[in-house]
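Listed in order, the protein sequences are those of chains A and B.
Quick note: the first sequence, position 106, residue 106 per this note's numbering, numbers continuous.
Quick note: the second sequence, position 14, residue 14 per this note's numbering, numbers continuous.
In case anyone wonders, no lab produced these hints; they're calculated from the structure.
Since this is a predicted model, take the numbers as computed values, not measurements.
Treat the hints loosely; a few may be bogus.
Said to hold, decoys possible - No more than 30 Å apart at the CA atoms, straight line, and that leaves these computed lysine-lysine pairs for DSSO-like:
(1) Lys17/B - Lys78/B
(2) Lys78/B - Lys11/B
(3) Lys108/A - Lys52/A
(4) Lys78/B - Lys108/A
(5) Lys78/B - Lys15/B
(6) Lys68/A - Lys11/B
(7) Lys15/B - Lys60/A
(8) Lys68/A - Lys56/A
(9) Lys68/A - Lys108/A
Claimed, not checked - Partial chain A-side listing against chain B, Cβ under 7 Å, derived:
(10) Leu19
(11) Pro40
(12) Lys68
(13) Ala86
(14) Phe89
(15) Ser100
(16) Asn101
(17) Phe106
(18) Gly109
The C-beta atom is built at its ideal place from N, Cα and C for all residues, glycine as well.
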Amino acid sequence: GNSVTQMEGPVTLSEEAFLTINCTYTATGYPSLFWYVQYPGEGLQLLLKATKADDKGSNKGFEATYRKETTSFHLEKGSVQVSDSAVYFCALSVRSSGGSNYKLTFGKGTLLTVNP
Amino acid sequence: GAGVSQTPSNKVTEKGKYVELRCDPISGHTALYWYRQSLGQGPEFLIYFQGTGAADDSGLPNDRFFAVRPEGSVSTLKIQRTERGDSAVYLCASSSGKGLAGVNEQFFGPGTRLTVL
């Protein structure tokens, strides 16, 4: 089956610190990989994605590289801000054979708190 | 509206009661997904609709759970004889259904928080 394991939080950083949230996966088939973010009081939003090995997804200063050899998709940001405080979810989808089902498998989420 | 909407935002019910949760997807989106997010966990897949039909209901935990999408737009998740373990946030997501290179972005609604007393 498909599964995602991500670093458990909570993670607390000072503003401008470097962030890494680890994510590894197992999948049957060739997955697409995602990071979703859930800001306080808001719904899940797609942060970035990568569809094939060595692709780098990036958005809002966050980056993650699809590493097939290590089955990983670690999230990084060079300098976090207070506004980055949120829960981050790593996820994958594997398209169903012959179909259009892109159901997502999520990790448990990592709570990030950034202090001024 | 522009995004996915879900009603109600909160639902409190008693054990054994029946509940319905509604999802209005983005207009024109043919694919619709339901997920359940328990406290401290990531969302877990429940069911997928392509158009009016439930193409994958493998995530429904038991036969107390059922979902419909009769006109290929609005969907309703129905839970019979609710149990305390059903308490969670129920999320709906929609997408265009047209995958490109294995990617098909899902847009999530704000969720319905269900509490079973």
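Tested hints:
Distance hint between Lys17/B and Lys78/B is fulfilled; the C-alpha atoms sit about 11 Å from each other, no more than 30 Å. At roughly 13 Å between alpha-carbon atoms, Lys78/B and Lys11/B fall within 30 Å of each other, so this suggested pair holds. About 23 Å separates the Cα atoms of Lys108/A and Lys52/A, which keeps this hinted pair within 30 Å; it holds. A threshold of 30 Å between alpha carbons decides the hint, and for Lys78/B with Lys108/A the separation of about 25 Å falls inside it, so the pair holds.
Distance check on the hinted pair: Lys78/B and Lys15/B sit about 14 Å apart at the alpha-carbon level, within 30 Å; holds. Our distance criterion of 30 Å between C-alpha atoms is broken by Lys68/A and Lys11/B, whose separation comes to about 42 Å. A C-alpha spacing of about 44 Å is found between Lys15/B and Lys60/A, which places the hinted pair above 30 Å, so the restraint is violated. Between Lys68/A and Lys56/A the alpha-carbon distance is near 12 Å, which keeps this suggested pair within the 30 Å criterion.
For the hint linking Lys68/A to Lys108/A, the alpha-carbon distance of about 21 Å falls within 30 Å, and the restraint holds. Interface restraint check: Leu19/A against chain B, minimum CB-CB distance 19 Å, threshold 7 Å, status violated. For Pro40/A, the suggested interface contact is broken, since its CB lies about 12 Å from the closest CB of chain B, more than 7 Å. Interface restraint check: Lys68/A against chain B, minimum CB-CB distance 14 Å, threshold 7 Å, status violated.
With 7 Å as the threshold, the beta carbon of Ala86/A stays out of range of chain B, its nearest partner Cβ sitting at about 14 Å, so the hint is violated. With 7 Å as the threshold, the beta carbon of Phe89/A comes within range of chain B, its nearest partner Cβ sitting at about 5 Å, so the hint holds. Interface restraint check for Ser100/A: the shortest CB-CB distance to chain B comes to about 5 Å, inside 7 Å, so the restraint holds. Taking 7 Å as the C-beta cut-off, the interface hint given for Asn101/A holds, the closest approach to chain B being about 5 Å.
Below 7 Å, beta-carbon pairs count as interface contacts, and Phe106/A has one with chain B at about 3 Å; its hint therefore holds. Interface hint status for Gly109/A: upheld, as the beta-carbon distance to the closest one in chain B is roughly 5 Å, under 7 Å.
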